[in-house]
Every structure is written in C-alpha cells, then in structure tokens.
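Asker: Given chain E, work out where chain Z should sit, using these hints.
Here are the chains, one letter per residue:
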Amino acid sequence: MSPTATQVEVQLTKGALGPATDWRPKGAGAVVQFEGVVRPTESGRSLRGLTYECYEPMTSRMLGELGADIVEEHGLIALRVEHSIGFVANHAVSFRLYVASAHRKAALAGMDQFIDRMKQTIPLWKVPEWENGDD
Amino acid sequence: MTTITVKLFGPQARLAQKREVLAACASDTPTAGEVLEAVGEACPILAEHLDNSKLAVNHELVTSTDPVRTGDEVAVIGMLGGG
Numbered sequence: 001m002s003p004t005a006t007q008v009e010v011q012l013t014k015g016a017l018g019p020a021t022d023w024r025p026k027g028a029g030a031v032v033q034f035e036g037v038v039r040p041t042e043s044g045r046s047l048r049g050l051t052y053e054c055y056e057p058m059t060s061r062m063l064g065e066l067g068a069d070i071v072e073e074h075g076l077i078a079l080r081v082e083h084s085i086g087f088v089a090n091h092a093v094s095f096r097l098y099v100a101s102a103h104r105k106a107a108l109a110g111m112d113q114f115i116d117r118m119k120q121t122i123p124l125w126k127v128p129e130w131e132n133g134d135d
Numbered sequence: 001m002t003t004i005t006v007k008l009f010g011p012q013a014r015l016a017q018k019r020e021v022l023a024a025c026a027s028d029t030p031t032a033g034e035v036l037e038a039v040g041e042a043c044p045i046l047a048e049h050l051d052n053s054k055l056a057v058n059h060e061l062v063t064s065t066d067p068v069r070t071g072d073e074v075a076v077i078g079m080l081g082g083g
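Top to bottom, those sequences are chains E and Z. In terms of this note's numbering, the first sequence opens at residue 1 and continues consecutively. In terms of this note's numbering, the second sequence opens at residue 1 and continues consecutively.
Keep in mind the hints are simulated off the structure, nothing from the lab.
List time: in silico DMTMM-like cross-link candidates among lysine to aspartate or glutamate, alpha-carbon distance up to 20 angstroms:
no.	chain 1	residue 1	chain 2	residue 2
1	E	Lys119	Z	Glu60
2	Z	Lys54	E	Glu56
3	Z	Lys18	E	Glu56
Restraint-style ranges between C-beta atoms, simulated for each label pair:
no.	chain 1	residue 1	chain 2	residue 2	range
4	Z	Thr70	E	Glu35	43 to 49 angstroms
5	E	Glu56	Z	Asn52	18 to 24 angstroms
6	Z	Asn58	E	His103	37 to 43 angstroms
Note that CB positions come from ideal geometry on N, CA and C, so glycine has one too.
This is chain E alone, in the form it adopts within the complex (with noise of 0.2 angstroms):
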C-alpha cells in the first residue's frame, strides 16, 4: 500500500528552525529525531553561516516524494521533514527529520537513508557564508 499524505509531512522553513516538536504518531513503538546543525567551520574557515535555497514547488514535491518511498521501503508508520530556506548562523539548527515506526531498527535505517538521498537527489542547496566577506 503507497503511503499517504498524512504519513509524510514536509515543511521549509525561513531561517533557523525552533524548538522540536512533540511528533509521536499513533501506533509508534520507536520515533527518532536527527537535528542538522551549520558548523562554525568548514574545510577550516570560519564560518558566519549558511545560506539554504531551494526551488519551489520541486523542492517540497521532491521531499514529499523521497518521504513516501523510505516510508514504502522500511515500512514506517510516518516521517516527518523540516528545512531551512535563507540564512541560518552556525550553530543554529537548519534540518530535522523525524522518523516513526514499530521497531527501532527500521526507523534508523529509514533515518539514514533519506539523509543519504537527499542529499544526492533533492534540489536544496547550501551557499556558505565565510566570516569577513571572503567568498
């Protein structure tokens, strides 16, 4: 049976995401959450931040869409997907995934494999912003 809407839930957010929420869908017997933090360096630079872009509507769809295959795939009961869009100070939090199913280990593999594909497949970029002005 292809998931539904109400077991994927997608949100793009301006800015730094707040606090996480209490998400523990009905029927749950495992939910695990993952926090994305920007990092105050990269490659050994200082860092102001990151800037997130993502093209609309293609970014949500595409989001929703990889949602419901990992759902699919480890049979999950949801997952839930929050981002980032503009700039987001290190530190700050700017992706969480939230993932619920009847065991442990599905919703850990699911976890990790939508981090994995996102990254390869979902038109979401990060800019990085250097401290000083340095491009």
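Answerer: Showing chain Z alone in chain E's frame:
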C-alpha cells in the same frame, strides 16, 4: 537558433554571479544536453562545474536527450547538498 533562459541556484549561482543564463542553442528544438552545453558556453566559469548537473524542465528532472521547448521553465540542478 533558440535562446533558452536557464535558472541557477546555490553555489553555481554564486559562482556565475547571476541567477539566470541565456543559453543560445543552434537547434530550434534543442535537447536538455544541448541546453546544458550552451549554459557552459554562455558562462564559461560554470562549464567545469556542470558535469554532474541535470536540467529540470517545468520542475521535472529530464534526461540529456529530452527536448526543451521555448517557454519551458528550465533550471540547472547541480551541486546539491542540503541538510
């Protein structure tokens, strides 16, 4: 000859210092591969960064042999890495 407006994002837009490139194609009915090649010719600084890029036409990823028509919304989808 056809000129296609192609959108740029992220590091490629930063590198080109522009958000759009006018890709001049010899054919009246260019393929996505020909449009991508024309992007590199119109903006040489991007040429070496297009190898792993694809085109999106009307918000759908296409293959290099798919046609691009005048009026299509075209974007370079390359150098990904959100998260």
